[in-house]
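Undergrad: Those protein sequences? They're chains A and G, same order as listed.
For my numbering, count along the first sequence from 1 and bump the result up by 75.
For my numbering, count along the second sequence from 1 and bump the result up by 75.
Source of the hints: derived by calculation from the structure; they are not laboratory data.
Honestly, I wouldn't trust all of these hints.
Copies of the same chain look alike in the list, so a pair counts if it works inside one copy or between any two.
Claimed, not checked - Heads up, simulated BS3-like pairs for lysine-lysine below, C-alpha to C-alpha not over 30 Å straight-line:
#	residue 1	residue 2
1	Lys299	Lys106
2	Lys374	Lys143
3	Lys407	Lys315
4	Lys259	Lys143
5	Lys374	Lys252
6	Lys407	Lys299
7	Lys299	Lys202
8	Lys106	Lys407
9	Lys286	Lys259
10	Lys309	Lys143
11	Lys260	Lys143
12	Lys272	Lys140
13	Lys106	Lys140
14	Lys286	Lys202
15	Lys286	Lys374
16	Lys315	Lys272
17	Lys260	Lys407
18	Lys286	Lys407
2 protein chains.
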Amino acid sequence: MGESAWRRPEIRVLLYGVGAIGSQIARLILKRRGLRIIGAVDASPEKYGRDLGWAIGADRPVGVKISKDPEELLSRVDADIAVHATSSFLRDVHPQLVQLIRHGLNVISTCEELSYPYVVDASLASKIDELAREHGVTVLGTGINPGFLMDALPIMLSGACQEVRHIRVERVIDAAKRRLPFQKKIGAGLTVTEFEKRIRDGLITGHVGLKQSVAMIADALGVKLQRIEVRPVKPITAEKPVGSPHISVEEGMVAGLSQSAHGIVDGRAFITLIFKAYIGAEEEYDSVMIDGTPSINQKISPCIHGDLATAAIIVNSIPKVIRAPPGLRTMKDLPLPSAILGDVRSLL
Amino acid sequence: MGESAWRRPEIRVLLYGVGAIGSQIARLILKRRGLRIIGAVDASPEKYGRDLGWAIGADRPVGVKISKDPEELLSRVDADIAVHATSSFLRDVHPQLVQLIRHGLNVISTCEELSYPYVVDASLASKIDELAREHGVTVLGTGINPGFLMDALPIMLSGACQEVRHIRVERVIDAAKRRLPFQKKIGAGLTVTEFEKRIRDGLITGHVGLKQSVAMIADALGVKLQRIEVRPVKPITAEKPVGSPHISVEEGMVAGLSQSAHGIVDGRAFITLIFKAYIGAEEEYDSVMIDGTPSINQKISPCIHGDLATAAIIVNSIPKVIRAPPGLRTMKDLPLPSAILGDVRSLL
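Just chain A, with the same shape it has in the complex (with noise of 0.2 Å):
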């Protein structure tokens, strides 16, 4: 295969939705041999028009501009895959992804929500995966997390166990090294009664993907939840002054979040999901702990950096998206996820 990728025309993407990981996830492609982006759709006033490469902030233009309206794009141009990026629920994307598999398109999507979205809607996600199998494409939702760090990566580690009686698997994030709209995104600065206000008020909604990761890890180990305890939105507040580049904590003040999921089987958690980030965690880190016959102790340290990493997930799936059966697929059904270093086209 690898020896005839040259001869094969380049894959063709459409991006659906440039905000900060659409940009990312379009300066990958850019680098990508075997990639071609033929068209791209943002809703925002301030984008379209503009060419693609200004817009993302690569240091060239790229020949593409913006569109606003996506029909009027779709029945304009012919793509192989759509890598959409729009919103992490279900409810939003839904008619956005009945369109692009209407049109023909592969999907993939860093929509949270449909990573496992049978755990949202399983009438709506069965209808997604009708649709996609009679239009013969594949559709994925994925990224860092949900998509990686805390559901296929504990699947994968647990396939060298004979019997797993609990998976914990955590990830904690030094927010001071990420990007200001991931700071305010987790209530940093805030006091705890305006946090529990923003909660309140579906302002602040904290990670979304833990009920998704908890039901992926289960479904591909063969185990019955008897239920999915997702517990609220805590504040993590700072026991000393902290800060980053753009927001300071004084004592006391919200510096976080932390979250957690359980899937319960018996009365008591077989799969425990923790998820903090804030400002000042004295160690970052992505840790597996498989409590089994082998156990296993996993960590990486520091964690995973989300966007970088989203963006390389989503990249990456391009070609196995395009190989696999057509339907509603998720992580834990594709191959073995991989960089690819050479022409993507190497792979199909």
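Keeping the supplied structure of chain A fixed, place chain G upon it in accordance with the hints.
TA: For chain G alone, kept in the frame of chain A given last:
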């Protein structure tokens, strides 16, 4: 799928080789719902004719007598898959694989060289692939190493990387915690002179599989290596007296061995694999360090127990191999590994 698992017939497994690893695998199969051992064959005269249960140290007979003649057994029983555990070397297992494939059995083998046989004998590997396709069956070589820790796991982790400059994988085992045959295999207790003679005489081969792991990583990432350098096996001598329940090692005597293999690109190592197994290792671990964007620094500590995990990976791969398209496959081609805790049939 899961709901109707019990309505499917059990997956019929034939054991080819009932040595130390074959016995561990057999004990695990007996515990799994949805699998049934319907035949076993072993070349050792003290095994055949015995009930498999007693031969593998299970607590009950299983009603399967160990055969000595594979051809006779294969003509008599009808199995879905063979679990094959006889030798580390492709030339030894090749005729056995051909026999199993011709009888229409899928095959999972512990044969180290089969994990990536293209770097052992490309023509033989192609012949196995063709024969498997012709007979509509799938063939996989796997285990904890090669097959998981030093290839599949670094490949998986690289999936979170935009760029990869270097991959370093280490496996360090304290041999004091392993079986006596393992301690002998690594030369523990010998003088350096005896160790070197046994290496020359082919009595100590060291770990088999580093070359396969280097090649699997490179191919998964789409990297063309100039060459793979497998360095000679070196003794590790004890810096102070060390021992296991079975063997005492004086200062200056051989405690175990050290091996490395390197995948070279542009005259420099792009992949570095280090394997050490010796009595008295201060820390046992499995690590993957990827110098990339982002970099990933991962460690499993203590290292994963080889025998337990190899049996797990073999049995956990059964439904994935049965579902895979016909042909010779490697771990990089199959869906994400995972433990199987429910009925194996629910994953078909």
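Undergrad: Now tell me if each hint is right for this structure.
TA: Verification of the supplied hints:
Proximity of Lys299 to Lys106 under the C-alpha cut-off of 30 Å is restricted to the inter-copy arrangement: shortest distance 19 Å between copies versus 43 Å within a copy. In this homomeric assembly, Lys374 and Lys143 never come within 30 Å of each other (Cα to Cα): the closest approach is 43 Å inside a single copy and 46 Å across copies. Taking CA atoms no more than 30 Å apart as the test, Lys407 paired with Lys315 passes in neither setting, with 42 Å inside one copy and 47 Å between copies. Within a single copy, Lys259 and Lys143 get their C-alpha atoms as close as 28 Å, which meets the 30 Å cut-off; across copies the closest is 70 Å, which misses it.
Taking the shortest alpha-carbon separations for Lys374 and Lys252, both the intra-copy value of 19 Å and the inter-copy value of 22 Å come in at or below 30 Å. When the C-alpha separation of Lys407 and Lys299 is checked against a cutoff of 30 Å, the pair qualifies both within a copy, at 16 Å, and between copies, at 28 Å. Taking identical chains as interchangeable, the C-alpha atoms of Lys299 and Lys202 lie at most 30 Å apart only when both belong to the same chain, with a minimum of 23 Å there against 42 Å between chains. Taking CA atoms no more than 30 Å apart as the test, Lys106 paired with Lys407 passes in both settings, with 28 Å inside one copy and 24 Å between copies.
Proximity of Lys286 and Lys259 under a CA criterion of 30 Å is satisfied intra-copy only: 23 Å inside one chain copy versus 48 Å between copies. Taking CA atoms no more than 30 Å apart as the test, Lys309 paired with Lys143 passes in neither setting, with 38 Å inside one copy and 64 Å between copies. When the C-alpha separation of Lys260 and Lys143 is checked against a cutoff of 30 Å, the pair qualifies only within one copy, where the shortest distance is 27 Å, while the shortest distance between copies is 67 Å. Taking the shortest alpha-carbon separations for Lys272 and Lys140, neither the intra-copy value of 41 Å nor the inter-copy value of 70 Å comes in at or below 30 Å.
Only within a single protomer do Lys106 and Lys140 lie at most 30 Å apart by alpha-carbon distance; the minimum there is 19 Å, versus 60 Å between protomers. Within a single copy, Lys286 and Lys202 get their C-alpha atoms as close as 21 Å, which meets the 30 Å cut-off; across copies the closest is 46 Å, which misses it. Proximity of Lys286 to Lys374 under the C-alpha cut-off of 30 Å is found in both arrangements, the shortest distances being 22 Å within a copy and 26 Å between copies. Proximity of Lys315 and Lys272 under a CA criterion of 30 Å is satisfied intra-copy only: 23 Å inside one chain copy versus 63 Å between copies.
Taking the shortest Cα distances, Lys260 and Lys407 sit within 30 Å of each other inside one copy (29 Å), while across copies they are farther apart (37 Å). For a Cα distance limit of 30 Å, the shortest separation of Lys286 from Lys407 qualifies both inside one copy, at 15 Å, and across copies, at 28 Å.
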